[in-house]
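Full structure from sequences and hints, please.
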Amino acid sequence: MSQACPLCSPDPISEIRRSISRSNPLGAGPLYYIYLQANQTTLSLVSYTPTMTKLDVTSLRFFNIINGKPTSSERTNKIHNPATGAYLADVPIATSEQLDECVATAKAAQPEWGSKSYEERGIVLNKLADELEKNADLYSQLLTAEQGKPSAGATWEIQGSINWLRDISQRRLEETVHIDTPERRVITRHIPLGVVGGIVPWNFPLLLAVWKIAPALHAGNSIIIKPSPFTPLVTLQFIANCQSLVPPGIFSVLNGDDNLGPLMTSHKGIDKIGFTGSTETGKRVMQSASVNLKRLTLELGGNDPLIVLPDVDPEQIAPHIFWAAFQNNAQFCNAAKRVYIHDDVYEKVKDALVAYARKITVGDGSDEKTQIGPIQNALQYNKVKSFFDDSVEKGYTFALGGNFNELSGPGLFVPLTIVDNPPEDSKIVTEEPFGPILPIMRWKDEEDVIKRANDTIWGLGASVWGNDSARTDRIATRLEAGTVWVNEIHMYGPWIPFGGVKQSGVGVENGQAGLVGFTNYQTLSSTKKIPTFGS
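Under full-length UniProt numbering, think of the first position of the sequence shown as 1, with each following residue one higher.
The reader is advised that the hints may include incorrect statements.
[Stated by the list, open to error] Distance condition first, Cα-Cα at most 25 Å in a straight line; then the derived DSS-like pairs of lysine-lysine:
| id | residue 1 | residue 2 |
| --- | --- | --- |
| 1 | Lys116 | Lys78 |
| 2 | Lys383 | Lys394 |
| 3 | Lys78 | Lys54 |
Derived by calculation from the structure, the hints in this document are not laboratory data.
This is the structure we're talking about:
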């Protein structure tokens, strides 16, 4: 499934880019932007090979996992393929009683797990990675079937999850020694929180689950994952297959409806919630968790600006802009959602971007020629349509698209759409569509574009593109975002903290800081003998 990259190269990332461009320039975007840059420690190049046997998802049965055992429920919800509308599976909807049971068993199992060393827990994380590697084809096909993403995108999500588990397994949180004398010792150490609840969205259902699973388990906690009710299959299957690798109760999963999330966030037996989703829902999570002052990590929405300077080559920059914005069909919190192009090159960059976009194949993710799949669910489809309808109603100009229904078929397909220089206060500029409709705007004055880029409630990511390094750096340092990229984008890694400012989140995931977030600080202050009082 993968091949080694040229580690001996002085600049291996650049060598990988050239390799991909030579082999498949149009398909390079999903691989380059998220997977290749995210795994700098291993630097492996994913290539998708169609499977010999197509998976019949309807032949599988899916269960919640409580205390290491498969569990069903009277109520179920049906999962469908967003590209075809075809039925895939019924999955159980957990009850409040099942949540109570799951929390109780997780709490009972945690102390023994927490007493193990980082080395012992790291071995288990690597076994989880081995499971993903062994059954990568199964998980990849499940991802494409339920989420809709192309097979190449599913492949790198699996491989990225493997690399995240392996990287986190090597991390350690060492104690800090403040005083160490023959008479007295004072240290601060990291101890597990207890039971973690992980609430995961539908856009990257496995990878974003692993972002919570790996640090939670490695820090000595037990974890209960709640997958999105739209995309639970790959997570249910993975966690079920892992039960022989972990002690019972340590690693559980509960699929649920809209009631399960609030039950988890307010549950007195859950010590931390890790949530990825919209800002609106994140606020409700924070309010619910405040009842018993749970620890929180919230990775929320964004409205990321991408700023193009006047010295760019339009043909060179166009693919970067396209994949920055339309990766995963723009169903991506960190997608570039507002593109500011300098007036001197606006028309040429716009034309190059539109020409590039016209070459992209939108379709069923199981077709190896597909580069962008459908919108994942009908609720999101209608939300994206509202942005399109508003742009039509307001009379905005479309540089690309203009007919929302131009793609025929039963799936939830939306045509790639670019809105030409809409007003700064328009819905398409100020809100987050989470779908393939992109506004591009002109700018002339540097102070003005910085002000416009920062004029948002969100602050997740941003990027600046140009050949004048002094100018790109000057602009980048003034952007209000958790991550700012210069002449690159979506360069994630398990060693790099990821989080937002303003209303894009609380806390960070990944890196040492992300691992710390799954622990409490404890200071041990010890005098070796009881001193005489008053001495």
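Hint-by-hint comparison with the structure:
1. Lys116 <-> Lys78: Not satisfied, since the Cα-Cα distance of roughly 40 Å exceeds 25 Å.
2. Lys383 <-> Lys394: holds, 17 Å
3. Lys78 <-> Lys54: holds, 21 Å
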